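K.L.:
For reference, the chains in residue letters:
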Amino acid sequence: KNEVEQSPQNLTAQEGEFITINCSYSVGISALHWLQQHPGGGIVSLFMLSSGKKKHGRLIATINIQEKHSSLHITASHPRDSAVYICAAFDRDDKIIFGKGTRLHILP
Amino acid sequence: DTGVSQDPRHKITKRGQNVTFRCDPISEHNRLYWYRQTLGQGPEFLTYFQNEAQLEKSRLLSDRFSAERPKGSFSTLEIQRTEQGDSAMYLCASRDRAGTEAFFGQGTRLTVV
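So the sequences go chain by chain: A and B. Its first residue numbered 1, the first sequence is counted upward by one per residue in the numbering used here. Its first residue numbered 109, the second sequence is counted upward by one per residue in the numbering used here.
Just so you know, these hints were derived from the structure itself, not from any lab. Keep in mind that a hint or two might mislead.
Unchecked claim - 20 Å max Cα-Cα, derived EDC-like pairs, lysine to aspartate or glutamate: (1) B:179 / B:152; (2) A:95 / B:136; (3) A:55 / B:209; (4) A:95 / B:115; (5) A:95 / B:164; (6) A:95 / A:3; (7) A:53 / B:209; (8) A:95 / B:176; (9) A:95 / B:191; (10) B:165 / A:91; (11) A:54 / B:209.
All figures in this text were calculated on a predicted structure; none of them were measured in a lab.
This is chain A alone, in the form it adopts within the complex:
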């Protein structure tokens, strides 16, 4: 079992829908990172959080330390949001443990 689990693995939605991607982790962490990767592209940092909630434009990330769970939400989704979204946890040794990613496809 991977120490960082994401769900769903694949998600297809219509433009405008509210999107939620979940991340659960089983190790102690110092911070959690949400990343975006377009096909063939590099990795872009979206959020890094260790508690509470962060918002940037249409993206919202939340984390519940007690439940070892984080969510990434996208409001008013758009085809340009189509990408792989990766949850990555910094463990207590400062190593980054990656989830396997969620492939999001937004249909126009």
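Mind docking chain B on chain A? Use the hints.
P.N.:
Then chain B, alone, in the frame of chain A:
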């Protein structure tokens, strides 16, 4: 600061050749990470540094792989006697001392032919 910079962005090499990649982290970020990502897979940990000290090295790294960060700033990853299985995207990331931010480079895509 323009972010984490990796060079080259793309490298095509013949099997058996040596290649070296460079990563320039965010200024004053003391932690630097190397990851490898093969097509359709998530990134896999290779190694990481705190300042110039290499703290951990993955079992994925054979003795053909070596990484250095001699002055605690930029880092190099060298692969000797490349094999086709080394074809992948090699990613670098850096993190600040306080642990409040981390950034990834665009990666170096290696193709071994």
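K.L.:
Hints numbered earlier in the text: which of these fail when held up against the supplied structure?
P.N.:
Numbers 1, 4 and 9, in rising order.
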